[in-house]
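Protein chains: 2
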Amino acid sequence: MAEGSLAALIDSLRRLPGIGAKSAQRLAFHLLQHDREGAQRLAQALQAASTSVRHCERCHTFTEAPVCDICLDPQRDARLLCVVESPADRAALERTGSYRGLYFVLMGRISPLDGLGARDIGVGELLQRAGDGVTEEVIVATNFTAEGEATAHVIGEALKARGLKVTRLARGVPIGSELEYVDLGTIAHALSDRR
Amino acid sequence: MAEGSLAALIDSLRRLPGIGAKSAQRLAFHLLQHDREGAQRLAQALQAASTSVRHCERCHTFTEAPVCDICLDPQRDARLLCVVESPADRAALERTGSYRGLYFVLMGRISPLDGLGARDIGVGELLQRAGDGVTEEVIVATNFTAEGEATAHVIGEALKARGLKVTRLARGVPIGSELEYVDLGTIAHALSDRR
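Residue numbers (our numbering), protein chains in the order written: chain A, 1 to 195; chain B, 1 to 195.
It is worth saying that the hints were derived from the structure and are not from the lab. All values derive from a computational prediction rather than experimental measurement. Careful, some of the hints might be misleading.
Since the list gives no way to pick out one identical chain from another, each pair is judged satisfied if it fits inside one copy or across any two copies.
[What the hints assert, rightly or not] Straight-line alpha carbon distances no greater than 25 Å define the calculated SDA-like cross-link-like pairs of lysine to any residue that follow: (1) Lys-160 - Pro-66; (2) Lys-165 - Glu-149; (3) Lys-160 - Val-182; (4) Lys-165 - Ala-118; (5) Lys-22 - Glu-94; (6) Lys-165 - Gly-115; (7) Lys-165 - Asp-77; (8) Lys-22 - Asp-77.
Extracted from the complex, chain A is given alone in its bound form (with noise of 0.2 Å):
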């Protein structure tokens, strides 16, 4: 039923990640029955956003800056350097109020079915970043998937080859849950790495 206009925007909206056709139909039902003011703000933030927005020159975070707060703030311990596969994990990570060190963020995780390799996620630009003299210890906090497993794998032989300390995120048995519905393997890491 939908023609022109509102099937481009049905079809642009089901490209997002995580939205199938009806949900972008619905989506875009609901933008020009209840919400036009919100599609034109969605419109203008989109454009502002994809055209100002770019990475740290230092860590590739987003910033609409050079170089992003993090990295430019003196508070920070400029010894650590906690590698991340995204954004949104170093935002999780700094939302704990937990680390007081510096960032890397790579551009995703190696994973052949895709195609990306090291380079395509930036393990260069880390080697690099990471032998400035300052950075002592590396924590990788990639995720504990297999390709965030074979990601860390790899940034941590390549590290060690420099002489840096790398670390990794413990693996251990979540807050709150009840060992009963906890999966063995994450059982067996939390056994093994008990202290």
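Got chain A sorted already, so can you dock chain B onto it with the hints?
Chain B in isolation, oriented as in the chain A frame:
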């Protein structure tokens, strides 16, 4: 962590129905990291649709012309008028391929909690449309929710008072379902409406 235009983008995305804070952040990061072209395309699609899409003068569905394709189609049976809550419902009925009459799209449903009464959803326009002298039967196809049923009741009474035949979509057991797992209200309806 998000600042300026990135924060504005996340905020605009979060106002979409069904998109929470996490999804909004994920969508924004995805667009900026992997698909700036998609962001631009979506911005243009939003802009174009929100300026050029309007409501059909006869049935109130979305269209770019003054009157929509279905209302203009001489092959459709003008004696039948099907009332739905939204363009999405119209699209669903149309996809069945088993209806050859015309439609009237309400602006939602009567919902006292949201402050939406008969006037807000366009019942007046419906009465005017149905009173064109050609319409013989009005099929009320509002949703089978409490609000949809209330809307159907209000519309039905108003239309009957004007001497029109009013019918409602059949309630019953969905195709492919096992009685054991169908809710009791539905089975009771299917029983009383047996044929």
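Hint check, failures only: Violated: hints 1, 3, 6, 8.
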